[in-house]
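Using the sequences provided together with the hints, build the complete structure.
From first to last, the protein sequence lines stand for chains A and B.
Numbered as in this note's numbering, the first sequence ends at 290 without a single skipped number.
Numbered as in this note's numbering, the second sequence ends at 437 without a single skipped number.
FYI, nobody ran anything at the bench for these hints, they're computed from the structure.
Worth double-checking, as some hints may not be accurate.
As the list claims (entries may be wrong) - With a straight-line cut-off of 30 Å between C-alpha atoms, the simulated DSSO-like cross-links for lysine-lysine are:
id, chain 1, residue 1, chain 2, residue 2
1, B, Lys59, B, Lys99
2, B, Lys400, A, Lys124
3, B, Lys163, B, Lys206
4, A, Lys133, B, Lys163
5, B, Lys427, A, Lys133
6, A, Lys133, B, Lys177
7, A, Lys113, B, Lys400
8, A, Lys133, B, Lys187
9, B, Lys317, A, Lys113
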Amino acid sequence: MILLDIFITGLISGSTYALLAIGFSIIFGAARIVNLAHTAFYMVASYCIYLVSTKMGIHPGWGMIMAVILVTLLGTIAYQIVINPIREHHGAVLIATIALAMAFQEIMTLIFKSSYLSVPALIKGFVPILGVKVFYQQILTFGAAFVVMGGLWILLMETRAGLAIRATAQDREVANLMGINESRIAMLATAISVGLAGFAGAIVVPLTVINPRMWEHPLIMMMAVVVLGGLGSLKGSFVGAYILGFAESLVVFLIPAGAFLKGSVALSIMILVLLIRPDGLFGVSFEEER
Amino acid sequence: MKKAVGVMVLLVFGLFMVFGVPAFAADTIKIGVIGPMNFVQGQGHWNGATLAMEVINAKGGIQVGNKKMKIELIKADSNEHLSIPDATNAMERLMTRDKVDFVVGGFRTEAVLPMQDIACEYKKIFIGCGAATDAICTRVAEDYDTYKYWFRMTPFNGTNLAKASIAHLMSTAGAMKQAGLNIPKFKVAAAIEQAQWADGFVGLAKAYIPKLGMDLTGVWRPSANATDVTAELTAIQRSGAHIIYAIFSGPVGIPFARQTGELKIPAIQMGINVEAQKDDFWEATQGMGNYVMTSNTYARDVEQNENTKAFVDAYVKRFGETPTYTAGTYDAILFALAPSIEEAGTLNSDKIVSILENRVFKNTTSTIKYVKDSEGRHLHDIQFGPGYSTGLATQWQDGKLKGVWPYKWVAAQGAPEVTYKGIVPIKIPPWVIEAYK
Chain A
1 MILLDIFITG LISGSTYALL AIGFSIIFGA ARIVNLAHTA FYMVASYCIY
51 LVSTKMGIHP GWGMIMAVIL VTLLGTIAYQ IVINPIREHH GAVLIATIAL
101 AMAFQEIMTL IFKSSYLSVP ALIKGFVPIL GVKVFYQQIL TFGAAFVVMG
151 GLWILLMETR AGLAIRATAQ DREVANLMGI NESRIAMLAT AISVGLAGFA
201 GAIVVPLTVI NPRMWEHPLI MMMAVVVLGG LGSLKGSFVG AYILGFAESL
251 VVFLIPAGAF LKGSVALSIM ILVLLIRPDG LFGVSFEEER
Chain B
1 MKKAVGVMVL LVFGLFMVFG VPAFAADTIK IGVIGPMNFV QGQGHWNGAT
51 LAMEVINAKG GIQVGNKKMK IELIKADSNE HLSIPDATNA MERLMTRDKV
101 DFVVGGFRTE AVLPMQDIAC EYKKIFIGCG AATDAICTRV AEDYDTYKYW
151 FRMTPFNGTN LAKASIAHLM STAGAMKQAG LNIPKFKVAA AIEQAQWADG
201 FVGLAKAYIP KLGMDLTGVW RPSANATDVT AELTAIQRSG AHIIYAIFSG
251 PVGIPFARQT GELKIPAIQM GINVEAQKDD FWEATQGMGN YVMTSNTYAR
301 DVEQNENTKA FVDAYVKRFG ETPTYTAGTY DAILFALAPS IEEAGTLNSD
351 KIVSILENRV FKNTTSTIKY VKDSEGRHLH DIQFGPGYST GLATQWQDGK
401 LKGVWPYKWV AAQGAPEVTY KGIVPIKIPP WVIEAYK
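Pasting the structure below:
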């Protein structure tokens, strides 16, 4: 019975991490940008949904749509103003994006104070699955992770834009020579990535607590997921997310008094994997794939 | 020459801008209010102090010797949730730049300890309205000359919080029995956040719950900042617990309460949940925090003594919310400091300390008596028990925070029964009744 509990709860928390990590991964894979403000966009999306659904009394579904549009616009503007001018300097990008995240945090604190807020679930209630109570919203998160993964796969493999992204990821100079506007592709990748952060926020926010610092913990877990899976590898991020999700569940069920260690144990697993495979689980195969 | 004078004027103006205008107004008593001002705890500190100042100043101020002195509050943002150095810097500024006469506030033990050091170094009375750890007062007993300037106001110390929570646990079990539930032996799951102040509750749960004739099914220790506790709740439900003894001061109190309600875990939740003490808890949990119980200091309809109602009503009218325990700055200024200053006839800290530590007075929740340790040394900690501070337990009942304890509470054999005005019986969640009927 305990194995079943671990499996189901691991699957659910893994889906949340997967949703966030895929977006982060795509911008690194396509544009070599480590956007540390990724989860801050997720935070902004959460506040947007709160504003629309709780303060304005409009259905959270509309809040989701508005959040994704707003965050995508915000991300694109941030790319043009903050990231693009310093794109070639990776250290500077790291610092600039973390500064951007902190700026978002302070702006949200000014507007909403530091209170803990929440929004209603899109689909209320739960269903017992083999004795484990699972929220419908969690099932939605699980499904959304697969849909996003599938959608991105189709975008990258079946469309001209996807071809351009892959070509740019493989060799920016050659892609430029072939007539691909590399800067525009980077912006497109940023928009997709940030839009996904907004989407993740929209799906996950009813399961969490909204506050200006809600971006910090997911950022650490998401970094662990992408490093574990192999930087820039979508497949790696997906698999890495579930590995960490299962690791967290294992800790809660096997060491209840150490439940607070679940994040640390997941990060330790990441370090262990990196000691054996420094490129992460799928880092090498991704390089070949590109 | 004119240029030199101009430069001098600009320089002096610049210095005023940087270091602030010196306190020429010696007819005011300066009280520093220190707390995390961007957080609800700091807002409570400030709001409580503001009300106290208004009451005192409306009467012309405090009689100090042969003159009346009004109160001036200085706000100091300790930012202690995020940075301990910010907290110590804020206290240092109160001492050196603002030159306050007294300080009230503080919240996190980790920040209050170094802030206490600074205030005591400057020999300024610091009345704590937030941190519960016993050790803050133990320092007074161990090094009286250094730490005698520290006093506690709210909440009562960790040991007494634990005692109260065990009394709440017994009342909860009693209410479940009265509801006719078919539970031959109660099973209790302890969910205690990982934080220094909460560590003592783990030992307490392990030691006391079996002594009460109940089974402890396990101790879960989620992070104080956890946002998803479904795994923990799945494990707790599997353990067969009827009662969840929850100890949370961090934001984890919101998802824990919300997800317990949403998943209809067949167990009643009681203990300490600081988030459940706030009015916005109902909205934060989307109404799923119904039936959650917590230790508390104030509830809108409960009168612990003759001072409670006036304060709670004024607070609600002015700030639109129920006060929480950090608003104890009101008690610290109005009931602890002001009469002590008047009695001393001076702002001299040493004289006021010797008066305050021996006074027995009523505040808005109880009768305050500063206790001594087993060796007879001053602790400047407050007396717990019937007739003194007992606190409350409150429960969310259909969107309203109701006082549910002490309800016919008998602290010891032969002791008088205690029920405060406005206390109502505990309600058992319908899904719990359904599960065990």
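*Holds or violated: A:Lys133 to B:Lys163, with C-alpha atoms at most 30 Å apart*: Violated - the C-alpha atoms of B:Lys163 and A:Lys133 are around 34 Å apart, more than 30 Å.
*Below or equal to 30 Å on CA atoms is what counts here, so check B:Lys400 against A:Lys124.*
Answer holds: B:Lys400 to A:Lys124 is near 23 Å, not above 30 Å.
*Going straight from one Cα to the other, do B:Lys163 and B:Lys206 come out at no more than 30 Å?*
Answer holds: B:Lys163 to B:Lys206 is near 14 Å, not above 30 Å.
*Verify the proposed pairing of B:Lys317 with A:Lys113, using a straight-line Cα cut of 30 Å.*
21 Å, holds
*Is the hinted pair B:Lys59 and B:Lys99 satisfied, with a Cα-Cα distance of at most 30 Å?*
With a Cα-Cα distance of about 25 Å, the restraint between B:Lys59 and B:Lys99 holds, given a limit of 30 Å.
*Given the proposed pairing of A:Lys133 with B:Lys187, does the C-alpha separation stay at or below 30 Å?*
Cα-Cα ~20 Å, so holds.
*Does B:Lys400 lie within 30 Å of A:Lys113 when you go C-alpha to C-alpha?*
Satisfied, since the Cα-Cα distance of roughly 23 Å is no more than 30 Å.
*CA of A:Lys133 to CA of B:Lys177, is that 30 Å or under?*
Answer holds: A:Lys133 to B:Lys177 is near 27 Å, not above 30 Å.
*Taking 30 Å as the top limit, are the C-alpha atoms of B:Lys427 and A:Lys133 close enough?*
Given pair B:Lys427, A:Lys133 holds - Cα atoms ~24 Å apart, limit 30 Å.
Hint compliance for this structure: hint 4 is the single one not met.
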